[in-house]
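Asks: Chains A and B, in that order, are what the protein sequence lines are. 1955 is the number that this note's numbering gives to position 557 of the first sequence; each next residue is one higher, with no gaps. 971 is the number that this note's numbering gives to position 209 of the second sequence; each next residue is one higher, with no gaps.
Worth double-checking, as some hints may not be accurate.
Unchecked claim - If the Cβ cut is set under 10 Å, some of the chain B residues that face chain A in the computed set are: (1) N1058; (2) E1060; (3) G1063; (4) Q1065; (5) T1110; (6) Y1111; (7) R1117; (8) S1153; (9) G1156; (10) T1157; (11) V1167.
Hints listed in this document are in silico derivations from the structure and should not be mistaken for laboratory results. For every residue, glycine included, the Cβ atom is placed at its ideal position computed from N, Cα and C.
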Amino acid sequence: MASKFWTQGGSDTEEEETDIEDEIENGGAGETTAAAAGSRYLQTNASDSDDSDGQKRVVRSAKDKRFEEMASTVDQMKNAMKINDWVSLQESFDKINKQLEKVMRVTESDRVPNLYIKCLVMLEDFLAEALANKEAKKKMSSSNHKALNAMKQKLKKNNKQYEELINKYRENPESEEEKFEDEDEDEDEDESGSELEDPSQIAAESSDEDDEGEDVDDDDADGAWEKKLSKKEKLMDREFKKDPSEITWDTVNKKFKEVVAARGRKGTGKFEQVEQLTFLTKVAKTPAQKLEILFSVISAQFDVNPGLSGHMPINVWKKCVQNMLVILDILVQYPNIVVDDMVEPDENETQKGADYDGTIRVWGNLVAFLERIDNEFFKSLQCIDPHTREYVERLRDEPLFLVLAQNVQEYLERIGDLKSAAKVALRRVELVYYKPQEVYDAMRQLAVLSEDGEKDGDETKVEETRGTSAFVVTPELVSRKLTFPENSRALMDILVTLIYKSGDERTKARAMLCDIYHHALFDEFSIARDLLLMSHLQDTIQHMDVSTQILFNRAMAQVGLCAFRVGLIAEGHGCLSELYSGGRVKELLAQGVSQSRYHEKTPEQERLERRRQMPYHMHINLELLEAVHLICAMLLEVPNMAANSLDAKRKVISKTFRRLLEVSERQPFTGPPENVRDHVMAATRALCKGDFQKAFDVINSLDVWKLLRNRESVLEMLKAKIKEEALRTYLFTYCSSYDTLGLDQLTKMFDLSDAQIHSIVSKMLVNEELHASWDQPTRCIIFHDVEYSRLQALAFQLTEKLSILAESNERAVEARFGGGGLDLPLRRRDNQEYAAGTSGGGGGRWPDLSYNQGRQGSSGRAAYTGGGRPLALGQASRDRSSQSRGTGGYSGRAGSGMRGYQMDASARMVSLSRGVRG
Amino acid sequence: MATYDLTPRIGPNLDRHLVFPLLEFLQERQLYPDEQILKAKIELLNKTNMVDYAMDIHKSLYHTDDVPQDMVERRVEVVARLKALEDAAAPLVTFLQNPNAVQELRADKQYNLQMLNDRYQIGPDQIEALYQYAKFQFECGNYSGAADYLYQYRALCTNSERSLSALWGKLAAEILMQNWDIALEELNRLKEIIDSKSFSSPLNQVQSRIWLMHWSLFIFFNHDNGRTQIIDLFNQDKYLNAIQTSAPHLLRYLATAFIVNKRRRPQFKEFIKVIQQDQCSYKDPITEFLACVYVNYEFDGAQKKMKECEEVILNDPFLGKRVEEGNFSTVPLKDEFLENARLFIFETYCRIHQRIDMGVLFEKLNLNYEEGERWIVNLIRNSKLDAKIDSKTGTVIMEPNQPNVYEQLIDHTKALQGRTYKLVGQLLEHAQAQPAR
């Protein structure tokens, strides 16, 4: 039943979602056309002539197919109209909108096909008719009525974009229809007979022409000019018709202002704007002006991006990076030009020529642009399917960005803007921190390779610029090369030190988390732990933004994995248990959207969440994480359960694990293990009996281990741990059955050396987990079975009952008067302390647990009964090892004090979820 | 044996002059070639004004009577500067040397300054000159003079920063003069300032603490009462944190102090945890010994470590202090350490055993049979050990220490009475309050 309900819910949201998608699509139709133009531009760039017949044929067949599809959809719509079925009409409308997009892509035209316009007109008419007919409306079924209303809204919104075309169509439907046929036949004709002044189309044309102009040599330049102007008189001012040398600063400036003013206005093609501005950079008179225009170009390129969820087209992105590099070139060449976004610069500031002495202020913000570029890169990786080649190709662009970031950072450092430099450094850190050494090496190699490859490309590019005879020639001053240290640690250290010195709080916190992650990745647990504790990040993390919280969770997960790898089981469990306590690992790590059964997400939330996702290559393998978490829990919990077999509820280390165990025990049959969980459960069953070999074999058969770098040593460690815990479990479970137990027998059973067994057992004895003692001459453990006589046992029972009686009396009084509240909890805590002291020796049992328990303690899980004592201990020692030590030590390393960080480990999870669920 | 030498790690945290005693000790122990140490000494002296001493060392190092020209020049320079400073500080010095005049000074600093200015024409410049002069005296190795001047300077100084460095200077001078009692006073004064003062940055504060702890080593291991005080100081949270972050090698001294000091059990347990936590950042035989006994329960390992500890103690400038008794010298700390360490092992060993073969036990404790038996008998007699010796089998048998059932029962029920009384009290109180209302 539940499933039915949920599926319904799901479809509901889906519908809503599609609605929104449609809106986006519709809203962004202009952009898509522009994008289509972009691709065309690219293609023409690649091959100068696209007129070869063979190519065309291929294109056409695909085009035909699309048109046919569209036509059939239109037919469907007609049918639906006949029977007045608005629901199916609505569906068809959505479909046709999608098809429209495809058609546009295939035809590479920017014109909306007439078939579509025709269909819109038809729909509009029919809608008006239906609305006018009130009686018919009343008769409609509710779903139909709903669909009608929805359709009304949609159509209104959609048709706004095509208003012009629709009106034109209404004026002379016949000719349009003909033209539609024509268009189908031959595109060129359409182009030549361009009565239609669709701006976007012209943009495409102009861009086309632009290319041609670029390709033509100097001699032909004038001709190209003429040609261009004939086509876009409206767009380009007459002034430019003159000989290039006559173009003055003023004309360029005027034109520039004009173009910029058009930004965001209706009917301004975004791509076209980029083109115009790019052209203007070539005719810019002074370096400052060129700079100014370049900034606008980049802004315009950012505008190309359709909507928030989509990413910037990759080719535009690449151009954007190139433009940034050119900006840097200019800035390096003319150190007197200052980029600033705080002051509104003088109108004519950019008039000052290259030989001007004083500082020239140009509006712009390098860091913001860089961050935007990085965000777009990140977004593109989010959107692209990670299993495709495209993704890999996209990843290869990373060095490109790193080069840019490096250069920007160098520039900023040179002009002394360390705060911004720190921000840029953080971007670089965030691209490096998750890479293991192998990946880092691969990236370095790639950078070297692509350099060689790019050399040819660079040459042609240089020629190109020469060809267009830009007025301000900027030589490539900034190196296009990556300089990487051998070791990613070295790189991290350089960057992180810079950030700690001059970054703001958020930058520092993020850098710190990246640093922790990186240390953990390289198996340096103690450093990572110290950094984490000293920075006090866990205390303030819930006040930070979600993306930083995700980073924190990732760092925690990685620290947990690291602890496991170096054999610190308890620490590992401490780090990971919290991640798994809510069953929302995916969400917490931003590695996929998890469906919550109890809480439905609104599409808005879902979209937000999707926007936070980590790109695939940054993922922490979830299976490995789960395996590590469960194994840690198993190693801690199994002996614990054996020790407290009588009152299982008393001390629970891992609730998640207990729950899983219960579930698996309830199963009537246990099949061979399939997933990670099954494996660990099978191992647990073996371990409960003290069969370490079987437990290890089962765990060894997991295939996630191949993801570990030092697999052999980890498994070796794991085996040793399993043996130890098996021994402990065995002793706990069967101590009542033995009077004495020989050391030799134990060595044989558990394949451990005498010294190891002696050490383990001694530890248990000292902590009073086991009531026994060694008999040295015979090498035996002698168990002291504390057996009470019947009278004594009864006496104990009696005292117990007495205390229960007293307690219930107190509770009664308390309930009545409410006055006893104060002493009761106090006493209860005493009891717990006592219990903890006797049952487990408190914090002494795993003495190094203090750190984890400290975290648990702070996480407000004090609700565990019997947890009182270890928590208190842990807290105390955590305070010691972090409080003031933190400030000093951290700053000692980092060179600047980062104080006042106070946070809580689990609260951050909560708050993250709060963020998600609004 | 130079592996466990901490001089390179301690040195940077000390004053130049304080390093000399360490180098002297190393020279005596012959851990390093003489030449190296002499060179190190010259290096040290380069920045100080003890040029004569440097010349002597130079002579003995190169076995010549010539001294390099720059040293001679430096000597001339130093003498000239000394003269100049002496002149500058002369008015104040003469004033201070006149007992009648000094009696006019009161506790009120402002008044004093005013008075000096009015009647003796001694202004801030002269006072500053006194400080410089004292510093110079210290650099020249005239510690007692420096200490006196600094003491007087502190009485007159108003600048807190300066006063602090004067205090450091005084402490160093007292240490070098081996006035342990006074040095201890100075140490406590300094500690108060460091802890109370809102330092410019926590980093600074931590650094000061580290210095303080390093300097205090001289005092604590020479003062009679030092071994308890070192625990008091080092085991404070703030100081322990500083140790853990910046100077984990100080754990050695704290560990030693704990082992030698029997009465610090509760703190000791906490300390074991610290040792365990910091094993990755610092370890030497002494901390490893503790880890063996209290963390891993490896008694063979502990025994091995104990032997190494002996070496470490002998070679440590602070721990290995010698006491001359008649013709032979002993290291009192070493014997004490070994005795206590043995007791530690034995205690832990007894806790987990029911029957122990004495031969094996004594082997673990580095004792021979006779000695060991006497030792155990003594322990039993002093009722430190609840055990009996079975001399036929040569074993010690522990008395089982089961918790007494009756005691347990009494424990369980003891609280009930009080609780009931309280309950009744509450009831009555409430009942009385009711009619009143």
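Asks: Give a verdict on every hint.
Replies: So, going through the hints one by one against the coordinates:
| no. | hint | verdict |
| --- | --- | --- |
| 1 | N1058 | holds, 5 Å |
| 2 | E1060 | holds, 6 Å |
| 3 | G1063 | holds, 8 Å |
| 4 | Q1065 | violated, 13 Å |
| 5 | T1110 | holds, 7 Å |
| 6 | Y1111 | holds, 9 Å |
| 7 | R1117 | holds, 5 Å |
| 8 | S1153 | violated, 14 Å |
| 9 | G1156 | holds, 9 Å |
| 10 | T1157 | holds, 6 Å |
| 11 | V1167 | holds, 5 Å |
This entry does not satisfy hints 4, 8, going by the numbered hints stated previously.
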